[in-house]
Amino acid sequence: MAASTTDIVEDLDARGLLVQLAGGDELREHLKTGSRTVYCGFDPTAESLHVGSMVPLLVLKRFQMAGHKPIALVGGATGLIGDPSFKASERSLNSEDIVREWVERLKPQLSQFLDFECGDNSAILANNLDWTENYSVLGFLRDVGKHFAVNAMIQKESVKQRLEREGEGISFTEFSYMLLQSYDFAELHRRYNCTLQVGGSDQWGNITGGIDLTRRLHQAQVYGLTTPLITKADGSKFGKSESGTIWLSPTKTSPYAFYQFWLNVADADAYNFLRFFTFLSPAEIKDIEESDRQAQGRPEAQGILAREVTELLHGKAGLDAAVRISEALFSGELSRLTEADLQQLELDGLPCTILESGASGIVEALVSTELARSNKMAREFIGNNAVNVNGQTINDVEFALASAGALHGKYFILRRGKKMFHLLKIG
RNA sequence: GGAGGGGUUCCCGAGUGGCCAAAGGGAUCAGACUGUAAAUCUGACGCGCAAGCUUCGGUGGUUCGAAUCCACCCCCCUCCA
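Residue numbers for the first sequence follow my numbering, beginning at 11 and rising by one.
In short, the hints are calculated from the structure, not lab data.
This one's a predicted model, so the numbers in the text were calculated from it and none came from an experiment.
Idealized CB from N, CA, C, for every residue including glycine.
Keep in mind that the hints are not guaranteed to be accurate.
[To be verified] The following label-pair restraints were derived from C-beta to C-beta distances:
id: 1; residue 1: 153; residue 2: 42; range: 32 to 38 Å
id: 2; residue 1: 130; residue 2: 307; range: 47 to 53 Å
id: 3; residue 1: 384; residue 2: 277; range: 32 to 38 Å
id: 4; residue 1: 145; residue 2: 125; range: 29 to 35 Å
id: 5; residue 1: 277; residue 2: 153; range: 34 to 40 Å
id: 6; residue 1: 241; residue 2: 159; range: 48 to 54 Å
id: 7; residue 1: 30; residue 2: 171; range: 15 to 21 Å
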């Protein structure tokens, strides 16, 4: 892929992935007239990225598919400082060791969607620690800091609320975050001729900071583009499910849980998410929306979304496992599962606990599998008819899990509520 | 260093000697209804089967009795130096 074939800005716009453009028509022209280098940064704030990071990560891939060269930047330096943008309060610093470890964990996640061996527009993985670690304080303050006016910095929307909010403040450490990220852009321009930074719309202030700095340091025009922060129609926070944050790491969120997350997306969000998180064309998505509207009952969108995104992240095998578990648990009778099916469920990543004693009360089983937070809660669930073992609703607090009642003599499938399942195995 | 304001159960936030396991809202969970939606309604939401027990930044104290009063300490915010 030498020259770009699709108009990437048009495509992003059609998907609703465009919030702001720094450079406007000039940027559109810039992207149409050659293969450009584009970057997006990801700070190590946890040991794994979560679903929210998939949007910019996939945007990088969209750029690569359109013939441009993507740089995934991991914030080994900025992760030590903490971005204050739109954060309500100061965050505590993570130790250097922790950040270093998270950086290593993030690298493969950042790399997995991008192509590193496709010639001229092969992706690059960078770490901003490389150009900041040995930068002297005095040098940085003189060369970089001098280009920033505090007057302008405090006007940025991203920190304004912090400055004005009663009971909160902002440390100089976090306040200077913008300088670091701005310097990243300038440095990536110098090293790789990077001319575009993309990021969530909360990054606008930091991106424009980088554009200004690059102009001052290198007399070069660079551009910015922001994507929407993903919100849900009902206003609740995107990226959480009943079991917590949806992580990209399969050890933290199993392919099954990941698949279920997408399957449970609200109708009002499903089509937008198809546009944001898949490579289906806007036209195809429109067709799905249209046919769902005409059909009765459950829409197709969530199923398509769940399959597409799960396969994108976890591959065919991960998707198959997720589908197998889902079908076994949600359709058909649990008591009909063969021993091999049950073993497969365990292999596929359904949460599983070994039951040592061979017999256990239902209350303690619920607590030990974390299906209930306390004995009291477990009893309440039972009282509400919310507990189910091997397909049978349990309404007796004294119910005992004994091998006699186990599937194939050793398995229990515990269910709390409608969707929380746990496999219990007599060991 | 000085002056002032503040730290309450996941979050916001009321409570200023007993009626407080602590109002209200949000989040969350369960049930009904459904499509493993949404909306709505009902219930739960420190621990304990219960009697009861442990909570209101920390430690001591006053009191029959403290989240509420006193002392000291820690932390946060605002202004001044």
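Now for the hints, and whether the structure bears them out:
1. The supplied range of 32 to 38 Å is met by residue 153 and residue 42, whose beta-carbon atoms lie about 34 Å from each other.
2. Under the hint 47 to 53 Å, the C-beta atoms of residue 130 and residue 307, about 49 Å apart, fit the expected range.
3. Taken as a hint, the range 32 to 38 Å holds for the pair residue 384 and residue 277, whose Cβ atoms sit roughly 35 Å apart.
4. Separated by about 32 Å at the C-beta atoms, residue 145 and residue 125 satisfy the suggested range of 29 to 35 Å.
5. The supplied range of 34 to 40 Å is broken by residue 277 and residue 153, whose beta-carbon atoms lie about 53 Å from each other.
6. At about 33 Å, the CB distance of residue 241 to residue 159 disagrees with the hint of 48 to 54 Å.
7. Taking 15 to 21 Å as the suggested C-beta distance range, the pair residue 30 and residue 171 conforms, at roughly 19 Å.
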